[in-house]
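Trainee: Chains as they are written, first to last, in the working numbering: chain A, 1 to 282; chain B, 1001 to 1269; chain C, 2001 to 2401.
None of these hints come from the bench; they were simulated from the model.
Please note: incorrect hints may appear among the correct ones.
[As the list claims (entries may be wrong)] Listed next, the in silico BS3-like pairs over lysine-lysine satisfying Cα-Cα at most 25 Å (straight line):
1) C:Lys2194 with B:Lys1045
2) C:Lys2194 with C:Lys2177
3) B:Lys1045 with C:Lys2231
[Stated by the list, open to error] Facing chain B, according to a computed beta carbon distance under 10 Å, are these residues of chain A, among others:
4) Leu15
5) Leu16
6) Leu23
7) Met96
8) Ala111
9) Gly134
10) Ser139
11) Phe141
12) Val144
13) Lys147
14) Leu220
15) Ala259
16) Val272
Model, not experiment: these values are computed from the prediction.
A virtual CB, placed ideally from N, CA and C, is assigned to each residue, including glycine.
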Amino acid sequence: MSTLHRHPKARLGLLLGPPMLWLGVAYLGALAALFVTALWTQNGFTGLIERQWTLDSFRTLFTVDVYRTIALRTIGVAALVTVIDALVAFPIALYMAKVARPGLRRFLLVAVLMPLWASYLVKAYAWRGMFSEGGLVSSAFEAVGLKSPGYGLTATVVTLAYLWLPYMILPIYAGLERLPDSLLEASADLGGRSLQTLRRIILPTVVPFVVAGSIFTFSLTLGDYIAVRIVGGTNQLLGNVVYDNVGSANNLPFAAAVATVPVVVMLGYLAVVRRTGAMESL
Amino acid sequence: MTISRPTRIVLRVLTVLILAVVYVPLLLVLVNSFNLNKTFAWPPKEFTLEWWRRAAESQGALDALWVSVRVGLAATVVALVLGTMIAFALQRFDFYGRDTVSLLVILPIALPGIVTGIALNNAFRTLFGWQLGFVTIVIAHATFCIVTVFNNVIARLRRTGVQLEQASADLGASGFTTFRLVTFPLIRSALLAGALLAFALSFDEIIVTTFTAGASVQTLPIWIFNNLFRPNQAPIVNVVAAALIVFSVIPVWLAQRLSGDAESLGAGR
Amino acid sequence: MKKLSMAASLAALALLAACGTSGGSGGSADQAAGTGGFTPPNLKKLDKLGTGEGKLSVLAWPGYAEDGSNDPKVDWVTPFEKQTGCQVTVKTFGTSDEAVTLMKTGQYDVVSASGDASLRLIAGGQVEPVNTDLIPNYADIYPFLKNRPWNSVQGQMYGVPHGYGANLLMWRTDKVKPAPTSWGAVFDPNSPYKGAVTAYDSPIYIADAAMYLMATKPDLGIKNPYALDDKQFNAAVDLLKSQKTLISEYWSDYLKEVQAFTSGNSVIGTTWQVIANVASGEKVPVQVTVPTEGVTGWSDTWMVSATSKNKNCAYLWMNHIISPEANAAVAEYFGESPANGKACAKTADKNHCATYHAGDAAYAEKIWYWTTPIEQCLDGRTDVKCTDYSKWTQAWTQIKG
Chain A
1 MSTLHRHPKA
11 RLGLLLGPPM
21 LWLGVAYLGA
31 LAALFVTALW
41 TQNGFTGLIE
51 RQWTLDSFRT
61 LFTVDVYRTI
71 ALRTIGVAAL
81 VTVIDALVAF
91 PIALYMAKVA
101 RPGLRRFLLV
111 AVLMPLWASY
121 LVKAYAWRGM
131 FSEGGLVSSA
141 FEAVGLKSPG
151 YGLTATVVTL
161 AYLWLPYMIL
171 PIYAGLERLP
181 DSLLEASADL
191 GGRSLQTLRR
201 IILPTVVPFV
211 VAGSIFTFSL
221 TLGDYIAVRI
231 VGGTNQLLGN
241 VVYDNVGSAN
251 NLPFAAAVAT
261 VPVVVMLGYL
271 AVVRRTGAME
281 SL
Chain B
1001 MTISRPTRIV
1011 LRVLTVLILA
1021 VVYVPLLLVL
1031 VNSFNLNKTF
1041 AWPPKEFTLE
1051 WWRRAAESQG
1061 ALDALWVSVR
1071 VGLAATVVAL
1081 VLGTMIAFAL
1091 QRFDFYGRDT
1101 VSLLVILPIA
1111 LPGIVTGIAL
1121 NNAFRTLFGW
1131 QLGFVTIVIA
1141 HATFCIVTVF
1151 NNVIARLRRT
1161 GVQLEQASAD
1171 LGASGFTTFR
1181 LVTFPLIRSA
1191 LLAGALLAFA
1201 LSFDEIIVTT
1211 FTAGASVQTL
1221 PIWIFNNLFR
1231 PNQAPIVNVV
1241 AAALIVFSVI
1251 PVWLAQRLSG
1261 DAESLGAGR
Chain C
2001 MKKLSMAASL
2011 AALALLAACG
2021 TSGGSGGSAD
2031 QAAGTGGFTP
2041 PNLKKLDKLG
2051 TGEGKLSVLA
2061 WPGYAEDGSN
2071 DPKVDWVTPF
2081 EKQTGCQVTV
2091 KTFGTSDEAV
2101 TLMKTGQYDV
2111 VSASGDASLR
2121 LIAGGQVEPV
2131 NTDLIPNYAD
2141 IYPFLKNRPW
2151 NSVQGQMYGV
2161 PHGYGANLLM
2171 WRTDKVKPAP
2181 TSWGAVFDPN
2191 SPYKGAVTAY
2201 DSPIYIADAA
2211 MYLMATKPDL
2221 GIKNPYALDD
2231 KQFNAAVDLL
2241 KSQKTLISEY
2251 WSDYLKEVQA
2261 FTSGNSVIGT
2271 TWQVIANVAS
2281 GEKVPVQVTV
2291 PTEGVTGWSD
2301 TWMVSATSKN
2311 KNCAYLWMNH
2321 IISPEANAAV
2331 AEYFGESPAN
2341 GKACAKTADK
2351 NHCATYHAGD
2361 AAYAEKIWYW
2371 TTPIEQCLDG
2381 RTDVKCTDYS
2391 KWTQAWTQIK
2401 G
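Isolated chain A (complex conformation) (with noise of 0.2 Å):
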């Protein structure tokens, strides 16, 4: 162990070795083997991979518009999720961190967690009985004389949002949990009102904590098949495109080739957020 003492090069090879060459070998292998199919070809009848390089897959993603609009449609849809997410996470954890007697806080810790062990194909069930013809939200919009918005779009988004929702909760709560009383009493003493205090320091403190929630809720739906499936009506999302071409169409290349999309855009959104500096409060 003292021969570890001297060489710390070789106590950092041992920490990071195993983690490494799982992480960086065999995940980030399986990722490149993925995105060298989208360079092959698959003959279209028997469904055999065969090796012939060529962009045929990327040529038809990018010049045939109907992936572009799904494309669109499943980053609009995601981003909208991010902002109902963030809107709706703040208020309560704020209660959580700042209001909440300790005891109740535990109680509601408790209370957010418990959906995520509910099965996400339930839930998604459940919200589908509800958009139904004659279902909680049908009625509810009937019985204020609108038209229930039914299986679609809002209905996709809705589900979205409320499956992620604790995931967007959590970070935000850590975050303002370690805001410190001081900062806030301080704040008070110098004359500021609590609008103020949000706007001025608990605002401005939370951002990191809602940009590493985002990053959640923002790759969950960009690459989710079943909500939409389920609650979705006739629309299709990005996941749909991959998942459809992976089994269905039995085309390995062109689903690899789409996989790429909601790759390239998670990682530009995590280099975005690298400067935000939400990666240390994930």
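Once you have looked at the hints, place chains B and C on chain A.
Mentor: For chains B and C alone, kept in the frame of chain A given last:
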């Protein structure tokens, strides 16, 4: 009194509303588990305990539950080991490529599940020629669970610093003894919080699992997925989900008690 | 310097990946000259039947391999398990495309393949020829189901026929009046049921649109809905794009359709008989009909995986599923014609075979069975190229938008 009363009231009302919206679908699931109609027609006209009885006898559900528990435990153990190692490496050492490593840790969870799923599926079947099954699921789950452990441990390490360990070394303790008597107790609750979150992640995961499970192994989410589409099984699925919701209070509450401060629960998803 | 090493390691990774990923093509699938015109991979059929291996993994259409978990009274798997000792696990799929993908994983021993999957499986080497001498019940199969283009190549059978049936038109009797008799009810742009129509979520549905055009736009010259040249194909696609505005949901899992009809989100659309039966069982008022323009359908074949380790159990299963009792049970549960004539005496409803035109070769010829569209026109035309299935798949994504 740092936040004014009106603001507090507003926050309280909003919290109640939000929690209500969060729990309505879950209550719906609970109510539907007693709904006589098999396709969850709303509103339920007749109630029955039949589905609960059948669920208790459903071998498929119980088997799947057991598989999920085993997968979760295995993935959590792997994630604990690897996540802690990376956390120590990143926190205690300064080296070129630190940012890349932290990016790499987040990647499995930042990239959409379907991408991770098909990449791993492709790699397992064609690169390695493995049969999809229990082990491949554990590998896949551990990969994206690493980040939850990593986040919790690194947050704790940032706060505890190295003084205690140095003191222990100064007093003559070997590296291993220091770890056992000083470091480990310090990070124990962070490990626990990370482990519980990792287990929860693995337990409910469906997308990556669909691609890495193969035909022979069914985790609980896969069982639910396969049976939600069968007329006579769908109500039993509802019961399983309702039971999950109710019983999940236990691990969540446990996490709360054991982690002490709630922050380590909040860090990392 | 460090950036260079990073790039180098990435390149090495990619090279490794490129070497590893699957490649090669099975059989000289020189764009299958349609029915039996391609050369399937050289696979041997089973010589003789041995003892069962103790397990069997079945890949089936929902309703084909019922083991009592859906309805305790509907079970023809457990008797098989007791008789042969082969413990069965069943996986169901929603579309033929899913079936082909799942078979590619090599984890299933037998599959019930429709005509739009069977040839692809043969060409891809996923299934092997079947030695029908080892299957006693094969002798009783209707002759017009044997040695057909979708289940045999150059006279060699690749499976045992399971049964055949049609994709019907279903509607809610309380919401759709008068009772529809034409597929126009789901294609008419001025349909009163706009937003409540449903359709099958698979590219093969394009054939349904083509079939409708056969009757309504004869000048397009469509003779076979699976043999569409570019002009005919575009017409069908346009029809489907305009239909999309009427659609509430596309369905591929049948509970989804049952649910949609129960809640009223869908009131009219394509269905399988079994779906109508389940819905009626739930007291939902529905009816089905064979519209005047005709129907697409399926003629299914049980096939054996080439890489199966349980081939004896597979053969035992195939013999069991076409035995009179089991075949009758499936045909009644699913709502299709059995393949074994002796099953007609065993159905609970004595009129079952008459209703489904079992044994009626002439009727069977009128159903446009699911077939994989290929470049070489299936209707015999040699002056034009027809659209192949990959074009159909791409178009399907565009139709859904």
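Trainee: Does Gly134 (chain A) meet its interface restraint, that is, does its C-beta lie within less than 10 Å of any C-beta in chain B?
Mentor: holds, 6 Å
Trainee: Minimum Cβ distance from Met96 (chain A) to chain B below 10 Å?
Mentor: holds, 8 Å
Trainee: If you take the shortest Cβ to Cβ gap from Lys147 (chain A) to chain B, is it below 10 Å?
Mentor: Since the shortest Cβ distance to chain B is 18 Å, the answer is violated.
Trainee: Interface hint check: Ala259 (chain A), Cβ to nearest Cβ on chain B, cutoff 10 Å. Holds or violated?
Mentor: holds, 5 Å
Trainee: Would the hint on Leu23 (chain A) be counted as holding, given a Cβ-Cβ threshold of 10 Å to chain B?
Mentor: Hint on Leu23 (chain A): holds, closest Cβ of chain B at ~5 Å, below 10 Å.
Trainee: When the nearest CB of chain B is found for Leu220 (chain A), is that gap smaller than 10 Å?
Mentor: holds, 7 Å
Trainee: For the hint on Ser139 (chain A), does the least C-beta distance to chain B fall short of 10 Å?
Mentor: holds, 9 Å
Trainee: The hint names Val144 (chain A) as touching chain B; please verify it with the least Cβ-Cβ distance against 10 Å.
Mentor: violated, 17 Å
Trainee: Does the CB of Ala111 (chain A) sit less than 10 Å away from some CB of chain B?
Mentor: holds, 6 Å
Trainee: Hint check: is the beta carbon of Phe141 (chain A) less than 10 Å from a beta carbon of chain B?
Mentor: With a minimum Cβ separation of about 14 Å from chain B (threshold 10 Å), the hint on Phe141 (chain A) is violated.
Trainee: Hint check: is the beta carbon of Val272 (chain A) less than 10 Å from a beta carbon of chain B?
Mentor: violated, 13 Å
Trainee: Against the 25 Å threshold, does the CA-CA distance of Lys2194 (chain C) and Lys2177 (chain C) hold or violate the hint?
Mentor: Distance ~14 Å between Lys2194 (chain C) and Lys2177 (chain C) Cα, so the pair holds.
In summary, the structure is inconsistent with hints 1, 3, 11, 12, 13, 16 from the numbered list given earlier, while agreeing with the others.
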